[in-house]
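Asker: Below are the chains, spelled out letter by letter.
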Amino acid sequence: MKFISNKIFLFSLAILLIIIFPIIFLRLNPYTVNIVALIGIYLILCLGLNITIGYTGLLDLGFMAFYAVGAYIAAILSTKGISFWITLPICMLAGGLMRYLLGLPLLKLRGDYLAIVTLAFGEIVRLVANNSVSITNGPKGLPRVGEKIMPIHIFSFVFQDNIHFYYLIFFFVIVSIIISYRIEHSRIGRALIAIREDEVAAELSGIGVARIKSVAFVLSGIFGSLAGAIYVHWIGFVSPEMFTFWESVFLVAMIVIGGMGNIFGVILGVFLLVGMPEILRSSLGTVFIDYRMLIFGMLMILIIIFRPQGLIPSKRRALELHTIEKD
Amino acid sequence: MKNRILLFTFYFLPVFFSGCMKEDHNVIKIALVSPFTGDLAVLGQGMKKAVEMAVEDANASGKFKGITLKLVTFDDRADPKEAVNVANRIISDKKIFGVVGHLNSGCSIPASQVYAKENLVMISPGSTNPKLTLQGLKNIFRVCTTDDIQGNFAANYVINNLKIKRVAVIHDKTAYGQGVAESFKNNFEEKGGKAVSFDGIDSGDKDFKALLTSIKTKKPSLIYFGGPYPECGLITKQAKELGLNIPIFSDDAINSPEYVKIGGKATEGDYATMIGIPAEKLPKAKKFVDKFKNTYPDTDMQPYDTNAYEAASIIINAIENTNIDKLKIVDYISKIKFNGILGKTSFDKNGDTLNKNISIYKIINGKFVYVGK
Amino acid sequence: MFFQQIVNGLTLGSIYALLALGYTMVYGILLMINFAHSEIFMVGAYCGFWILSILPVLNNYSGFILILVFLATLIISGILAMFIEKIAYKPLRRAPRLSPLISAIGVSIFLQNLIMLSVSFQSLPYPERFEIKQFQTTGIVINSLQIFIFCFAITLMILLHIFIRRTKLGKAMQATSQNHIVSQLMGINVNGIISLTFFIGGGLGGIAGILNGMYYGSIKYNMGFLPGIKAFTAAVLGGIGNIKGAMVGGFILGILEAFSAGYISSENKDVITFLVLIIVLILKPGGLFGEQVTEKI
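Residue numbers (this note's numbering), protein chains in the order written: chain A, 1 to 327; chain W, 1 to 373; chain H, 1 to 297.
A hint or two may mislead.
[Claimed, not checked] Far from chain W, by Cβ distances over 10 Å, these chain H residues were calculated: (1) G63; (2) I147; (3) N179; (4) L226; (5) Y263; (6) I282.
[Stated by the list, open to error] DSS-like mimics (lysine-lysine), calculated; alpha carbons at most 25 Å apart, straight line: (7) H:K133 / W:K265; (8) H:K284 / W:K216; (9) W:K344 / W:K293; (10) A:K108 / H:K284; (11) W:K63 / W:K49; (12) H:K86 / H:K133; (13) H:K133 / W:K261; (14) W:K362 / W:K165; (15) W:K94 / W:K70; (16) W:K218 / W:K165; (17) W:K349 / W:K335; (18) W:K219 / W:K29; (19) W:K163 / W:K29; (20) W:K328 / W:K95; (21) W:K356 / W:K138; (22) W:K362 / W:K163; (23) H:K133 / W:K219; (24) W:K117 / A:K148; (25) W:K291 / W:K344; (26) W:K138 / A:K148; (27) W:K287 / W:K48; (28) W:K261 / W:K94; (29) A:K148 / W:K95; (30) W:K81 / W:K117; (31) W:K48 / W:K291; (32) W:K216 / W:K95; (33) A:K148 / W:K81.
By construction, these hints were calculated from the structure, which means they are not laboratory data. All C-beta atoms in this analysis are idealised placements derived from N, C-alpha and C, irrespective of residue type, glycine included.
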């Protein structure tokens, strides 16, 4: 019992910190609040992708496609005047459904083939978004001239400034963390770990591998489209160039470097890869940003060779990945 | 668990120390935002040189007693997310009085909404998507013309001067390229021409032979291409290789010596629309070009340099004439009648330039030569 | 138009086939997807660019210069591929299958950004050092470069085929791709064979890069990504791990792309290629000449 209350105490402390952080530490500077809010969006994305890559062990190289689905559906519905609170569940549903349909044929494939197929699918989504001018307005993006994304409002309060979106985003970040945590420590979570370690053994133990994989796949898609819907309402614009393959790889890099399969690791990964370049911008200038992908590429290689469980390991992962070396 | 928390906090310490910057008094800044890395980097670097010249001229002119003008550049990497980041950064620096930028419409549009919050003036040298000025934001202007104007102009020239009625249209599926191509096609067909095909290619793609083979069967007399020089150069080259010996007509994004380098001899006889009146015809412009060549001897001028210089000059002029009063700048610019290197510039109620001069250039002996308007 | 598209497709396909060989050979021997192969293609193109830029236009020695350029690039790309294997893949031979793929992605990112930052962000025009003649017959236009690319690629493929089937080293490669442990017991230096595989695959990829640069006249740091995926599709189409399959797959894909662009839609030609990839992997992952690859539980 003491252990549990310890965790809840720490968690509440973290929530408190999140609430006061921008007010006290950032002095509500719109620029830094913007950065932190952007980190929040990436957190939601990576926590979602982590369910597929970290918990289930399936490499997904086209995750931004679901971000795109969420963003575009939200944009289309919003320009027709539908409120954010209605488009949000619709986007999440669409994302989940698409993941489900995609998973039916794909989840049978072996790991590295699945990776390439998700890559191909991600590219198809981007290309189709760019070509379907009637639906998505092609490269010009949404909303079209004369249309506008509806601002989000609760009763009479309208979300306008970065700080409002910060709280909205981090509300969902906390929800995502809680959901991830609950998955990790549930029957499904344990089943996923079993699948990750040895699919055949898991099936033989009575786990419906295909079904559980599908559930995990769908859940991560929901996170993705959620992030997309929020983002489009925040920035007010969406276009196909936001969903390139390299963005998907960027998400994978954050999870791999931070720590696959554990929440702290993912959070660290996002802060390091998104936050640090921004922080260093004021001291080192934009040099770091130009070189950032170069450094991340190298980091990915180094980490996967020397510390494959990531910077903040989950103990189980460390065991899993290192025992293999002993032969 | 304890270890993890320690690790975690350790990695996070730097975050708490962000936001400490030193400030110089008596400095007023002008921001230039553009891609400085990536495919369009060379355009940004060209604009930087041009704006630096404008700022130096202003400081040297002695009009700003005791105050130094300074240029600060920001790289938006042609990425809308980064553009918004940069915009937020700019509005939190109170010393920045105006923004020259962004280049890509995909960046200008989201960024403009951020600048609007502080009524900070933004003059774009190269965003051509009509939507930018139709958002109802008072602080947004542009010195370049919109897609429709270039495309229309080209269509008129093709029908009236070149007397060609069958054209194949290709675009690179970007907001700019597709925009120009569409406006060309619409105007061309309105005037009685026939667009025998309308196709998109992927930016970065290099093999157009299959498409051009298909176009060849439709027997056009000209190809209109909306997009920049890397693709246009390859298209003209591959068309000639297939025996399709017709000229290509494109937009101001091919206005670079790189076009001839990539397309080689095949570029001979190709046309392009360019914004503004040629430098030789305007004494101020000629002075600018000469000075540019002297200051930067080994550099080719890039398509947006003159626009950037003009945008910066307008902002500097506004700073001077409002007695360095930031709140009055937007208003001043909306009413301005500026005589500069692009000719006479004023803005309509949306912020679009009323200076809609377009010139036609043709490649003769490997160089772009002015042939009319 | 039909035959012209065939010409276009075969030229395109020659380059894809050469590139696909690299993917298929590495997969055959290590069961890994060498994601960084597309960057070796790119580096090969840049190698050729540098060498050709240095050499002045010498008409008398054209043949000699050509051989020099290709040989040098073959060696440099091959060595680069071997180097990457030693540093980024070898330590992961016992790791779960996804680890080398992630490492390969890291290498790919690293190489692309390295060239982008150290050389140029922009497209560089390929130096034209050789005269290209055009031929026209019955409405089809072919030029000497297209003929060269096609013949050169076929020659290389025939040489490779002879090497694998007839020489001792080639047979060692076949053995290793079937079973490492037994091959080792037979006295084959497995590590050496793996290095050789990467060398050959990388070398062919580098040559494909030069051919691509010469054919299109321009190169860029990110030129490898799309051809890489298409060549991988070709390898899968033909049966991944199967060398004959990669060659056939490359030509099929080239012609498919030319026809898609010419008859269906230039806009969507890549969508069609990606769909082919997905469909083949789902319905017949063994490809045309390969074996079953899904694991059934």
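Asker: Decide, hint by hint, whether the structure agrees.
Answerer: Each hint, compared with the structure:
In this structure H:G63 is separated from chain W by more than 10 Å, as the shortest Cβ-Cβ distance comes to about 23 Å. At roughly 13 Å from the closest C-beta of chain W, the C-beta of H:I147 stays outside 10 Å, upholding its exclusion from the interface. H:N179, annotated as away from the interface, keeps every beta carbon of chain W farther than 10 Å; the closest lies near 40 Å. A Cβ of chain W approaches the Cβ of H:L226 within 10 Å, the least distance being about 7 Å, so the stated non-interface status is violated.
A Cβ of chain W approaches the Cβ of H:Y263 within 10 Å, the least distance being about 7 Å, so the stated non-interface status is violated. Taking the minimum C-beta to C-beta distance to chain W, about 25 Å, the non-interface status of H:I282 holds against the 10 Å cut. Taking the CA atoms of H:K133 and W:K265, the gap is about 14 Å. The hint holds against a cut of 25 Å. For the hint linking H:K284 to W:K216, the alpha-carbon distance of about 37 Å lies beyond 25 Å, and the restraint is violated.
At roughly 23 Å between alpha-carbon atoms, W:K344 and W:K293 fall within 25 Å of each other, so this suggested pair holds. This hinted pair checks out: A:K108 and H:K284 have alpha carbons roughly 12 Å apart, not beyond 25 Å. Distance restraint check for W:K63 and W:K49: the Cα-Cα separation of roughly 21 Å lies within the 25 Å cut-off, and the hinted pair is therefore satisfied. Between H:K86 and H:K133 the CA atoms are separated by roughly 43 Å; this puts the pair beyond 25 Å, and the hint is violated.
For the suggested pair H:K133 and W:K261, the alpha carbons sit about 20 Å apart, so the restraint of at most 25 Å is met. Taken as a hint, the W:K362 and W:K165 pair is honoured in the structure, with Cα atoms around 19 Å apart against an allowance of 25 Å. Note on W:K94 and W:K70: the hinted pairing holds, with a Cα-Cα distance of about 13 Å set against a maximum of 25 Å. At most 25 Å may separate the alpha-carbon atoms for a hinted pair to count; W:K218 and W:K165 meet this at roughly 13 Å.
This hinted pair checks out: W:K349 and W:K335 have alpha carbons roughly 9 Å apart, not beyond 25 Å. Using a Cα cut-off of 25 Å, the hinted pair W:K219 and W:K29 is violated, with the two alpha carbons roughly 55 Å apart. Distance restraint check for W:K163 and W:K29: the Cα-Cα separation of roughly 50 Å exceeds the 25 Å cut-off, and the hinted pair is therefore not satisfied. A C-alpha spacing of about 15 Å is found between W:K328 and W:K95, which places the hinted pair at or below 25 Å, so the restraint holds.
For the given pair, W:K356 sits about 20 Å from W:K138 by alpha-carbon distance, which is consistent with the 25 Å threshold. Straight-line distance between C-alpha atoms of W:K362 and W:K163 comes to about 16 Å, which keeps the hinted pair within the 25 Å bound. Of the pairs offered as hints, the one joining H:K133 and W:K219 holds, with about 24 Å between alpha carbons and a cut-off of 25 Å not exceeded. Distance hint between W:K117 and A:K148 is fulfilled; the C-alpha atoms sit about 17 Å from each other, no more than 25 Å.
Distance hint between W:K291 and W:K344 is fulfilled; the C-alpha atoms sit about 20 Å from each other, no more than 25 Å. At most 25 Å may separate the alpha-carbon atoms for a hinted pair to count; W:K138 and A:K148 meet this at roughly 17 Å. The suggested pairing of W:K287 with W:K48 holds, with an alpha-carbon distance near 18 Å, which does not exceed 25 Å. Between W:K261 and W:K94 the alpha-carbon distance is near 44 Å, which puts this suggested pair outside the 25 Å criterion.
The suggested pairing of A:K148 with W:K95 is violated, with an alpha-carbon distance near 31 Å, which exceeds 25 Å. Taking the CA atoms of W:K81 and W:K117, the gap is near 17 Å; set against the 25 Å cutoff, the hint holds. A distance of roughly 15 Å separates the Cα atoms of W:K48 and W:K291; the hinted pair therefore holds under the 25 Å criterion. Taking the CA atoms of W:K216 and W:K95, the gap is near 57 Å; set against the 25 Å cutoff, the hint is violated.
Our distance criterion of 25 Å between C-alpha atoms is met by A:K148 and W:K81, whose separation comes to about 18 Å.
Consistency with the previously given hints fails for numbers 4, 5, 8, 12, 18, 19, 28, 29, 32, ordered from lowest to highest.
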